[in-house]
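Modelling step: build the complete structure from the supplied sequences, incorporating the hints.
Respectively, the protein sequence lines represent chains A and B.
First residue of the first sequence? That's 1 in this note's numbering, and the numbers climb one at a time after it.
First residue of the second sequence? That's 1 in this note's numbering, and the numbers climb one at a time after it.
Since the hints were derived computationally from the structure, they do not count as laboratory data.
Careful: at least some of the hints might be erroneous.
One copy or any two copies: either way a pair holds, since identical chains are not told apart in the list.
Calculated pairs, DSSO-like style, for lysine-lysine (alpha carbon to alpha carbon, straight line, at most 27 Å) [said to hold, decoys possible]:
1. Lys168 to Lys208
2. Lys7 to Lys60
3. Lys60 to Lys342
4. Lys7 to Lys35
5. Lys151 to Lys58
Since the structure is predicted, the reported quantities are computational estimates derived from the model, not experimental observations.
2 protein chains.
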Amino acid sequence: MFTAKVKALLGTELPIIQAPMAGVQDANLAIAVSKAGGLGSIPCGMLGIEAIVSDIIKVKAATTEPYNLNFFCHQMPDYNQAQHDVWQNTLAKYFIELGISCENGPNSANRMPFNHDIADAIEAFKPEFISFHFGLPEQKLFDRIKSWGTKVVSSATTLEEALWLEAKGVDAIIAQGIEAGGHRGMFLTDDITTQVGSMALISQIVKKVDIPIIAAGGIADAQGVKASLLMGAGAVQIGTAYLLCDEANTSALHRLALKSEKASHTALTNLFSGKPARGIVNRIMNELGCMSALAPSFPHAAIEITQLRQYAEKQGLDGFSPLWSGQNTSGCLDISAKEMTKLLVSQLE
Amino acid sequence: MFTAKVKALLGTELPIIQAPMAGVQDANLAIAVSKAGGLGSIPCGMLGIEAIVSDIIKVKAATTEPYNLNFFCHQMPDYNQAQHDVWQNTLAKYFIELGISCENGPNSANRMPFNHDIADAIEAFKPEFISFHFGLPEQKLFDRIKSWGTKVVSSATTLEEALWLEAKGVDAIIAQGIEAGGHRGMFLTDDITTQVGSMALISQIVKKVDIPIIAAGGIADAQGVKASLLMGAGAVQIGTAYLLCDEANTSALHRLALKSEKASHTALTNLFSGKPARGIVNRIMNELGCMSALAPSFPHAAIEITQLRQYAEKQGLDGFSPLWSGQNTSGCLDISAKEMTKLLVSQLE
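The following block contains the structure:
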């Protein structure tokens, strides 16, 4: 029923994009999903250029099926020591408790926005599909990618963002409902009260834009996929359901949390990076409040908390870890990504 | 396909409950929906006993079809003058600006929880269907209603609340997704970060409870209805889409807001009643913040703001009005409730 449209939209047989999930997956998950007929994604937002290229080579060696490269395109703010002084003060009790000292200073390799150096490195591969998060890169960069014949999509978290993206000329819009795990793609506002549930967001966007919609957020199973397509989405993007798959690098602590009752309470938090992202509520979110005005600007807020996290995780503690998860973990299964992909489309005729 | 199940669940032909919307509708809307084959609702939460009885008589004179009575069942806190001193201080600038003085003191008629006096008054009608908001009344009252043969349902905003309601013996659970307009039915927590989008909530609850689910929140059109049933709901409850209908009492200012671009930004706010409810963001929400720790306990927070609202509305200003709305106004139409009801089921075979 949907095959020709999906082929035109994603280049794949199945209307499934595996959501790029920086920090919990590498090319292996993308390869497994692409081989299964979905669109596997490589989250490039936290990778250096060499790692991006090596992942592309890995995917192309494993399959001729299409894949998606995902990049961040936020404005990179200067590192602001005053912000970090305040933040380090706030976190000082945790450093004392763990008995470690806080390393100071910027970490420039962390979450670079898409730029011409990256474009130079990937141009030779003429990637078929690129998704952006946090809006779009500047016009020149956007035009450059489009000139390769690459399909370009980005996330909208409101109708306003969807209309903005359509006007910029994207090929499709990922409608990222409030249920989605990880970072909100929001880029026209910082106000999280603007964020809309999938049921409302898909319905609103479908009526107002002419390009295809990819539904994301809260979709965890075959019923959710079918319902999203029925509401007018051309495809869906699914992350959380893949988190327990064999090919994901989800840590043991993260897997435990996803399988526990704790997973029923996720929240948007800016504590881990400076931008709102959805994860399972843990100790630091409970103690500092999920959204803190004191957290340094994205991505620099990660500098201090990553130190706490790395030390704590070695003791088996997840209280400082970003336990990224969407609101619906009911589809998470310890199976291969291939089996998961097949399951997700099992209600489509 | 669904007729027998719906008949058993709602007593109606169509799997549609018109959401009870206190303040913007009376028996006329309920009658129109019930006559059209859905389940019309009378919002009794803000009515005195005489008005409740008179509405029931009105419905029964107009139709033999089933109808729903909706009651609040919150804990009624004492009026706390200290809370109101703080709140009146916060609002003082608005009273000065409008040139009115603030009337002090409790207003006991406002939003009474369900009680034995109400039960005495409605018992003779043996109502077929009652929905509660904010949990359930005490066991004795619950058992009393059940002894009439009445179907009793209540709203769950989380999986935890759904499991609680099922254990208490309700006949069905309204899964109220975060998209829904008006008051959140939440009763096991005050923490709005626990609130879940419809896509996730329906999916989670359907897998864990054995009684029927009524999906609510973000459903605005035939696609949304069909998608919700496909995800496993036995029926849907829809409010926002009925707000512009001929039979609704939605004020002219409220109707204007619903048709304007402002409707694309709704938020949960406790400013109007003391409990979180979703409405279109307006002046006071912008200026005081949507959620304020200073607002008195539900329902007493309404005392002061209602005075500002009533005066401002006469000047044509909606800055102090609760412009209740869900996140999806894309299905709102100036048509009769009968036409709306038929539209909503137009994709069901």
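Hints, verified against the model:
no. : hint             : verdict
1   : Lys168 to Lys208 : within (15 Å within a copy, 43 Å between copies)
2   : Lys7 to Lys60    : within (19 Å within a copy, 55 Å between copies)
3   : Lys60 to Lys342  : within (22 Å within a copy, 52 Å between copies)
4   : Lys7 to Lys35    : within (15 Å within a copy, 46 Å between copies)
5   : Lys151 to Lys58  : within (21 Å within a copy, 59 Å between copies)
Of the numbered hints given earlier, the model fails none.
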